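Chemist: Just so we're aligned, residue -19 is where the sequence shown starts under the numbering used here, counting upward by one.
I should point out that these hints are in silico values taken from the structure, not numbers from a laboratory.
Incorrect hints may appear among the rest.
[Claimed, not checked] Here are the simulated SDA-like pairs of lysine to any residue, each with C-alpha atoms no more than 20 Å apart in a straight line: (1) 221 <-> 180; (2) 221 <-> 176; (3) 221 <-> 126; (4) 221 <-> 207; (5) 55 <-> 40; (6) 221 <-> 235.
[To be verified] The calculated label-pair distances, taken between Cβ atoms and stated as ranges, are: (7) 133 <-> 4: 36 to 44 Å; (8) 207 <-> 103: 27 to 35 Å; (9) 103 <-> 211: 13 to 21 Å; (10) 104 <-> 71: 34 to 42 Å; (11) 223 <-> 66: 16 to 24 Å; (12) 43 <-> 145: 30 to 38 Å; (13) 99 <-> 40: 16 to 24 Å; (14) 43 <-> 159: 46 to 54 Å; (15) 176 <-> 40: 42 to 50 Å; (16) 129 <-> 202: 16 to 24 Å; (17) 101 <-> 17: 38 to 46 Å; (18) 2 <-> 78: 37 to 45 Å; (19) 101 <-> 143: 38 to 46 Å.
Model, not experiment: these values are computed from the prediction.
Positions of the beta carbon are idealized from the N, C-alpha and C atoms, including for glycine.
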Amino acid sequence: MAFGGYALTSPTWSPTQYLKFEDERTRPARDLIAAVPTTMVDHASDLGCGPGNSTELVLERYPTASVVGVDNSAKMLEKAHQRLPALQFENADVETWVAAVPQDLIFANAVLQWLPDHGALFPRLVGMLAPGGSLAIQMPDNLDEPSHSSMREIASDARWRELMGAASGSRTEIMTAGDYYRMLKPSCQRVDVWRTTYHHPLASPRAVVEWFEGSGLRPYLDALPTAQHTDFLGAYEEQIKSNYPTAQDGSVLLAFPRIFIVATR
């Protein structure tokens, strides 16, 4: 995959780091699955299933369905299989994945923001749905938040800018709700789009850093030699302290906007 003239591989993921904030990360997936109108689900796929926390929600909602988790991280899939040993998991790139049979639910929680060309990708996924099936998507919409503008600012520092030419372009810019609605409505009987900002109380500015070490910071850290991680993360933590007020108990309230789409064929 290429961004801005630089070659970029998928970020490396740490299940342990990601799951440090499992409750907070799972809450949007829980809100998404609750909004799916499809009641009869025989075949479901969880794209970008990660360590299986979202796949577990799909199975809880549709216990008789055949559910497949899809991810391209072997470490994440190993963790997901440990969590749900009876389920099938597939090592595949979501961008080129093709469902084996028409799907009653394609669930994509916090993954499609890493992939380009939503104008082609989203209709392609809808095309894999059975009649009445739903494509359920949740994506972070926080590129303009201080948490992410700080990443870009630090990456532009002379110490790191040559190593990080591609990192700031690793996320796809989210389109507007209207854009997604107009894209999907011609092929869907119902399209529901909404945006929610979660406010997560975290223990300290350092906890904010640890949160994004499991997600948004991965492309930056992957671009750096390990010996430089400490300096980079220290500079990022200083930015977090400047941009997020600290309460008397040392905690920080992390604002995290997300966009949700449920398109039913």
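Chemist: Does the Cβ-Cβ separation between residue 223 and residue 66 fall within 16 to 24 Å?
Modeler: violated (44 Å)
Chemist: So the hint says 13 to 21 Å: do the beta-carbon atoms of residue 103 and residue 211 match that?
Modeler: violated (44 Å)
Chemist: Evaluate the given range 34 to 42 Å for the C-beta pair formed by residue 104 and residue 71.
Modeler: With Cβ atoms ~20 Å apart, the hint is violated.
Chemist: Is the distance from the Cβ of residue 43 to the Cβ of residue 159 consistent with 46 to 54 Å?
Modeler: Cβ of residue 43 to Cβ of residue 159: about 35 Å, so the range 46 to 54 Å is violated.
Chemist: So does residue 99 sit 16 to 24 Å from residue 40, Cβ to Cβ?
Modeler: Distance hint for residue 99, residue 40 is violated at roughly 33 Å.
Chemist: CB of residue 133 to CB of residue 4, is that within 36 to 44 Å?
Modeler: violated (25 Å)
Chemist: Verify the proposed pairing of residue 221 with residue 207, using a straight-line Cα cut of 20 Å.
Modeler: Violated: residue 221 and residue 207 sit about 23 Å apart, past 20 Å.
Chemist: Regarding residue 101 and residue 143, is the given constraint of 38 to 46 Å on their beta-carbon distance met?
Modeler: Violated - the Cβ-Cβ distance for residue 101 and residue 143, about 29 Å, lies outside 38 to 46 Å.
Chemist: Below or equal to 20 Å on CA atoms is what counts here, so check residue 221 against residue 180.
Modeler: The given pair, whose Cα atoms are some 16 Å apart, holds under the 20 Å limit.
Chemist: Does the structure keep residue 221 and residue 176 at a Cα separation of 20 Å or less?
Modeler: At roughly 24 Å apart (the allowed maximum being 20 Å), residue 176 and residue 221 break the hint.
Chemist: Given the hint that residue 221 pairs with residue 126, test it: the Cα-Cα distance must not exceed 20 Å.
Modeler: holds (11 Å)
Chemist: Does residue 235 sit within 20 Å of residue 221, going by the straight-line distance between their CA atoms?
Modeler: Holds, at about 14 Å.
Violated hints for the displayed structure, listed by number in ascending order: 2, 4, 5, 7, 8, 9, 10, 11, 12, 13, 14, 15, 17, 18, 19.
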